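Visitor: Chain by chain, the residues run as shown.
Number of protein chains: 2
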Amino acid sequence: MIFDCNNVFDFQVGTHGISANRIREGEGFLSEIKKRVFSKINEDYYPLKLPFEIEKETDRVIEISAAIQKDFENFVVVGMGGSSLGNQMLHFAINGPYYNENLNRTTPRMYFLDNVDPESTSSLLNNINIKKTIFNIITKSGTTGETILNLLIISDILKDKGFDYTKHLVFTTDPEKGFLRELSKTISVKTLSISPAVGGRYSALSTVGLLSAAVEGINIKDLIKGAMDEAKFIEEEAVTRVPALLFPFIQHLLYTEKGININALFTYSDYLSYIGNWYNQLLAESIGKRFTQDGKEVFRGITPLALRGTTDQHSVLQLLLEGPFDKLVVFIAPEQYRSDFYIEGNIADDERVNYLKKKKYSRLIKSEYLATKASLKQNGRPNIDIELPIISEYELGKLIYMFEFSVIALGEMLEVNPINQPSVEIGKRYTYAMMGRKGYEKEKGSFRSLLTGKKDFIISDERKE
Amino acid sequence: MIFDCNNVFDFQVGTHGISANRIREGEGFLSEIKKRVFSKINEDYYPLKLPFEIEKETDRVIEISAAIQKDFENFVVVGMGGSSLGNQMLHFAINGPYYNENLNRTTPRMYFLDNVDPESTSSLLNNINIKKTIFNIITKSGTTGETILNLLIISDILKDKGFDYTKHLVFTTDPEKGFLRELSKTISVKTLSISPAVGGRYSALSTVGLLSAAVEGINIKDLIKGAMDEAKFIEEEAVTRVPALLFPFIQHLLYTEKGININALFTYSDYLSYIGNWYNQLLAESIGKRFTQDGKEVFRGITPLALRGTTDQHSVLQLLLEGPFDKLVVFIAPEQYRSDFYIEGNIADDERVNYLKKKKYSRLIKSEYLATKASLKQNGRPNIDIELPIISEYELGKLIYMFEFSVIALGEMLEVNPINQPSVEIGKRYTYAMMGRKGYEKEKGSFRSLLTGKKDFIISDERKE
Chain A
6 MIFDCNNVFD
16 FQVGTHGISA
26 NRIREGEGFL
36 SEIKKRVFSK
46 INEDYYPLKL
56 PFEIEKETDR
66 VIEISAAIQK
76 DFENFVVVGM
86 GGSSLGNQML
96 HFAINGPYYN
106 ENLNRTTPRM
116 YFLDNVDPES
126 TSSLLNNINI
136 KKTIFNIITK
146 SGTTGETILN
156 LLIISDILKD
166 KGFDYTKHLV
176 FTTDPEKGFL
186 RELSKTISVK
196 TLSISPAVGG
206 RYSALSTVGL
216 LSAAVEGINI
226 KDLIKGAMDE
236 AKFIEEEAVT
246 RVPALLFPFI
256 QHLLYTEKGI
266 NINALFTYSD
276 YLSYIGNWYN
286 QLLAESIGKR
296 FTQDGKEVFR
306 GITPLALRGT
316 TDQHSVLQLL
326 LEGPFDKLVV
336 FIAPEQYRSD
346 FYIEGNIADD
356 ERVNYLKKKK
366 YSRLIKSEYL
376 ATKASLKQNG
386 RPNIDIELPI
396 ISEYELGKLI
406 YMFEFSVIAL
416 GEMLEVNPIN
426 QPSVEIGKRY
436 TYAMMGRKGY
446 EKEKGSFRSL
456 LTGKKDFIIS
466 DERKE
Chain B
6 MIFDCNNVFD
16 FQVGTHGISA
26 NRIREGEGFL
36 SEIKKRVFSK
46 INEDYYPLKL
56 PFEIEKETDR
66 VIEISAAIQK
76 DFENFVVVGM
86 GGSSLGNQML
96 HFAINGPYYN
106 ENLNRTTPRM
116 YFLDNVDPES
126 TSSLLNNINI
136 KKTIFNIITK
146 SGTTGETILN
156 LLIISDILKD
166 KGFDYTKHLV
176 FTTDPEKGFL
186 RELSKTISVK
196 TLSISPAVGG
206 RYSALSTVGL
216 LSAAVEGINI
226 KDLIKGAMDE
236 AKFIEEEAVT
246 RVPALLFPFI
256 QHLLYTEKGI
266 NINALFTYSD
276 YLSYIGNWYN
286 QLLAESIGKR
296 FTQDGKEVFR
306 GITPLALRGT
316 TDQHSVLQLL
326 LEGPFDKLVV
336 FIAPEQYRSD
346 FYIEGNIADD
356 ERVNYLKKKK
366 YSRLIKSEYL
376 ATKASLKQNG
386 RPNIDIELPI
396 ISEYELGKLI
406 YMFEFSVIAL
416 GEMLEVNPIN
426 QPSVEIGKRY
436 TYAMMGRKGY
446 EKEKGSFRSL
456 LTGKKDFIIS
466 DERKE
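Those protein sequence lines, which keep their order, are chains A and B. The opening residue of the first sequence carries number 6 in the working numbering; numbering runs sequentially from there. The opening residue of the second sequence carries number 6 in the working numbering; numbering runs sequentially from there.
Note that these hints are calculated values from the structure, not bench results. All values reported here derive from a predicted model rather than from experimental measurement. Treat the hints with care, as some may be off.
All copies of an identical chain are treated as equivalent in the list; a pair is satisfied when it fits inside any one copy or across any two copies.
Below, computed lysine-lysine pairings styled on BS3-like, alpha-carbon distance capped at 27 Å [said to hold, decoys possible]:
id : residue 1 : residue 2
1  : LYS263    : LYS382
2  : LYS263    : LYS301
3  : LYS363    : LYS164
4  : LYS449    : LYS460
5  : LYS137    : LYS190
6  : LYS195    : LYS61
7  : LYS443    : LYS365
8  : LYS363    : LYS182
9  : LYS164    : LYS190
10 : LYS54     : LYS237
11 : LYS447    : LYS364
12 : LYS39     : LYS460
13 : LYS382    : LYS447
Construct all of the structure, not just a fragment, from the sequences and the given hints.
Guide: Dropping the structure here:
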């Protein structure tokens with residue numbers, strides 16, 4: 006991995022950059038942060054120890070996945086947020102957007118049921134051969150409403166069709182507690198454990214992310230090896246030479262001193278683009294926190310923005326170049342693409358197209374990546390480069406670990422807890438009230454009053470088709 | 006369409022909301038903005054007249070699409086930015102994410118080649134039956150680098166396989182000028198015209214968006230009818246009762262007076278979620294502009310953020326609830342979903358799941374939508390509701406037109422040109438220089454100097470697998 010942060014400094018981007026001295030003078034601060042992170046690694050920050058723990062379980066995961074590959078043609082990941090985003094990131098990075106349509110594919114098709122939209126759920130369930138499908142129900146708590154609802158509709162359908170539904174299910178949940186764990190015993194369903202110390206957004210490299218990955222032929226041992234190597238690199242290298250510390254330090258300085266409240270992840274690869282969706286949760290949920298300091302309320306948070314090159318040069322780049330100085334742009338690109346073409350292009354001899362001919366296809370995306378970076382610099386916009394030698398399980402493992410460590414370090418720098426997500430609980434209680442769940446009658450009243458408003462500000466266009 | 010803006014006002018969300026009097030007192034301002042928009046409708050703002058112009062062409066588009074449906078199994082949209090985003094929005098909204106896998110589908114599979122990533126391009130081109138595939142090459146200027154590169158590789162492959170490649174192509178480009186228009190005559194390829202007055206991000210309802218839509222069976226007449234009805238509604242209704250004027254007014258007030266620089270589009274529907282990607286370009290490219298005012302440089306822009314409910318409740322909601330007061334959240338949801346299930350759920354009798362049983366599947370997503378809205382209000386976060394009675398071509402046409410009008414009105418309010426995108430040109434020149442295109446030798450020097458930096462800030466982790 007190459008991490009190039011030249012373009013966040015004032016000597017490169019001018020007044021909206023930070024002084025390079027801040028890094029040189031930051032050694033003490035970074036050492037302190039590193040110490041604080043490692044001091045909690047057996048408790049709150051257990052996810053950072055996870056690769057070393059999970060390594061022992063990879064053989065068992067591979068064994069289970071081999072049985073699934075033998076018996077099923079379709080594998081559906083049923084989970085919300087962190088119980089699906091990591092799986093999708095691994096799926097896209099290694100197998101890409103057309104995996105299901107690949108004629109040479111020897112492993113099951115992959116689907117991700119990560120919502121409770123009746124239109125998309127019915128469209129999925131009506132279009133796959135249920136007889137040849139296994140559903141991986143993933144919920145750490147064992148009670149996530151959407152996931153359980155999907156389990157209910159799936160088991161309804163399996164029963165209707167007369168299949169032994171327990172054979173079409175595999176659970177991933179808490180090792181001891183929760184509805185799903187209890188159910189797994191009652192109805193006897195194969196079940197993987199996820200440690201309660203691993204929060205959803207840190208679970209890509211746990212049993213949550215690994216089973217679907219192994220089923221679709223991803224080398225999960227290399228993935229874990231990459232994460233472990235990155236962990237060792239962080240532990241051993243000088244703090245000012247560690248991307249997992251430098252990156253959050255830069256995010257922190259730009260946020261607190263330059264008012265940069267948006268971090269864009271600009272991936273120059275379709276396969277890597279889902280890293281943006283995964284990082285959205287990691288950054289948003291970890292850092293977006295309210296707390297009280299010196300008697301005053303503080304509202305902290307950096308908004309993630311996932312962009313895809315070259316595509317989004319044709320949509321959001323104009324804003325990045327001329328809009329407010331409210332963004333840090335982080336590029337992620339492979340140095341080398343795993344496939345390529347050579348362009349003949351004998352359809353016209355014209356100077357407007359000749360520059361594209363007798364060249365590798367990859368040359369254009371590489372040139373545009375550098376051109377975008379140069380344009381941002383020229384416009385005084387801070388940006389960072391992260392280059393992977395090639396997209397592989399090993400490099401992906403390193404990158405995932407680097408981001409997880411960096412978000413936890415950023416939490417320490419910004420004095421927020423990067424592990425919890427207290428506010429999403431309110432909405433869950435209102436949902437229970439709306440659904441008529443017992444014990445939530447009280448919420449119904451306050452909820453109703455929150456939904457009222459003035460009629461003047463509701464515009465209903467009565468014209469109908 | 007129901008537009009509910011109660012929750013942007015201080016009487017609902019407190020100090021971070023705007024005073025309701027602003028709307029009541031805003032009538033004059035809104036009338037002036039409306040007048041200014043309509044005064045330019047024959048020139049710069051021609052896209053707002055487009056539905057009335059394009060109506061005459063729908064029969065011809067349907068005729069061409071019928072011939073394509075007869076001869077081909079796969080249809081590939083080849084275009085960048087606005088030459089693909091509108092197509093994808095229509096595709097997902099009407100036909101959804103599993104359209105290609107639908108066993109009852111009678112119209113061609115749809116693909117979108119909107120990048121020049123060698124990995125995804127080769128994965129697509131290797132996995133479809135080229136013999137049964139037609140490629141719609143879309144570029145208004147006729148010279149977009151990525152699109153032309155894809156045309157070259159596609160024609161290379163078609164020729165290699167010995168097919169008459171002109172029969173596998175359909176162009177959409179300028180009626181008179183540009184490389185693609187000229188080529189269409191030389192090699193004789195069926196070609197649709199796109200008016201040079203319609204910028205990419207306003208082209209969803211032009212020939213750009215309509216051909217692929219018609220090919221996949223979308224009712225393009227209803228789509229255009231919806232847009233025309235929305236246009237009439239805007240023209241005839243009192244200005245303070247028009248969402249296409251109220252929405253930008255709210256965006257404008259929150260941006261200029263409350264420092265809200267992020268607008269999130271939170272769609273409670275998988276099918277509608279691609280509206281977020283389309284709106285990203287519409288808002289970012291239209292409003293993100295630098296200009297000089299009273300001798301000072303002004304950098305204007307609102308950053309769009311596409312979110313999907315309920316999924317992103319499990320990723321970004323924590324930030325929306327507790328993070329900085331830097332966001333307006335706009336919900337889009339259908340009142341009624343086009344399909345549904347009834348849940349039996351006889352796998353366990355347990356109070357933790359019983360609340361989900363003997364109910365419609367759609368009740369959960371609807372409850373969560375209201376719960377999220379209530380939570381945002383309780384946390385003092387401005388938000389707007391847009392509800393469509395149902396997802397249909399007609400309602401989609403209305404919504405698209407409403408957003409297009411609102412962005413142009415917002416441009417007028419913020420004194421920026423919502424039609425151009427001046428800054429993306431710099432990067433194109435650097436790209437040409439990198440590709441060795443004649444006439445761009447000078448750019449190469451300044452480009453190279455932009456890419457240099459200090460070695461201290463480049464960290465290369467030498468560990469390899």
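Visitor: Each hint should be assessed against the structure and marked as holding or not.
Guide: Here is what the structure says about each hint:
no. : hint            : in the structure
1   : LYS263 x LYS382 : within (16 Å within a copy, 29 Å between copies)
2   : LYS263 x LYS301 : both (21 Å within a copy, 19 Å between copies)
3   : LYS363 x LYS164 : between (59 Å within a copy, 16 Å between copies)
4   : LYS449 x LYS460 : within (22 Å within a copy, 60 Å between copies)
5   : LYS137 x LYS190 : within (24 Å within a copy, 51 Å between copies)
6   : LYS195 x LYS61  : within (19 Å within a copy, 60 Å between copies)
7   : LYS443 x LYS365 : between (63 Å within a copy, 18 Å between copies)
8   : LYS363 x LYS182 : between (62 Å within a copy, 26 Å between copies)
9   : LYS164 x LYS190 : within (19 Å within a copy, 60 Å between copies)
10  : LYS54 x LYS237  : within (11 Å within a copy, 61 Å between copies)
11  : LYS447 x LYS364 : between (68 Å within a copy, 21 Å between copies)
12  : LYS39 x LYS460  : between (54 Å within a copy, 24 Å between copies)
13  : LYS382 x LYS447 : between (55 Å within a copy, 18 Å between copies)
In the structure shown, no violation is registered for any of the earlier numbered hints.
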